[in-house]
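> Chains as they are written, first to last, in numbering that gives the first Met the number 0: chain A, 0 to 134; chain B, 0 to 116.
These aren't lab readings, by the way, just hints derived from the structure by calculation.
Which chain A residues face chain B? A few, computed with CB under 7 Å, are given here: (1) 9; (2) 10; (3) 41; (4) 47; (5) 48; (6) 51; (7) 52; (8) 78; (9) 79; (10) 80; (11) 82; (12) 84; (13) 85; (14) 86.
From a predicted model like this one, the values you see are computed outputs, not experimental measurements.
Here a beta-carbon is modelled for each residue, glycine too, at the ideal position from N, C-alpha and C.
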Amino acid sequence: MPEISQLIPQRDPIVEVDELVSASESEAVTRLTVREDNFFAQSGVLHEPGLIEHMAQSAAAFAGNATFLRNEAPHLGFIGEVKRCHISLLPEVGAVLTTTVTLISEIAGVSLVKIATVCDGNPVAECQMKIFLKE
Amino acid sequence: MLENSFYKILTSADGHYTVALLPDCDVYRGHFPGEPISPGVCSIQMVKELMERQTGKHLMLTDVKQARFTTLITPVQHHTLDVNIELTPADDKYTYHATVGQGDNVFVELKGTASTL
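Chain A with its partners taken away, still in its complex shape (with noise of 0.2 Å):
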């Protein structure tokens, strides 16, 4: 797998994806180990902005795989909606969060995904977002 910063735009402080475990067409596996100097991060645990930025720049990192496949720079990615989000818990510094994007559509640069995040086997959050890709 190519390194994050070939997959999304975004650099420190505010890359909150590690790597890109797994990708297919439909489907990315992403990885987070949750550090003391997380932009999000205080009194130890990652708070919901950290995580709800987790899991669109997972969605940002399965859309720059496939803008890499092609040979471009990644695109500038901007959340354009949030739904059903549930955050199950504020995982403390240490935590490995495992994070799964499922493509549910994708029209003129619009994607519609579905995100869910464990650690350790348990859930953490889930959403479904929307997300613009500038060209």
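Using the hints provided, position chain B relative to the given structure of chain A.
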């Protein structure tokens, strides 16, 4: 977390806030290099912090039923933002409806449930 780094409260009354965006926030180094755009999740966190201020309680955004981002916010184009928050208490939770924008123009709309910690 983000007060006085990402935004600063200018006025606050009864669920209506005016905030200034701080263009020197560290987040813009990476979002995106040479093209500062306010991360949508920072708007979500800002609303959460203002809700905590409003209720005097620590909250967790357990459910975001819907968050719509209709206009990109940048600290260059948008020096100040209006934030409006309606909170309805229910047991140990609050349902919220919040907007971030300028006057009648809404850039972000959030609906959901927050739990008290």
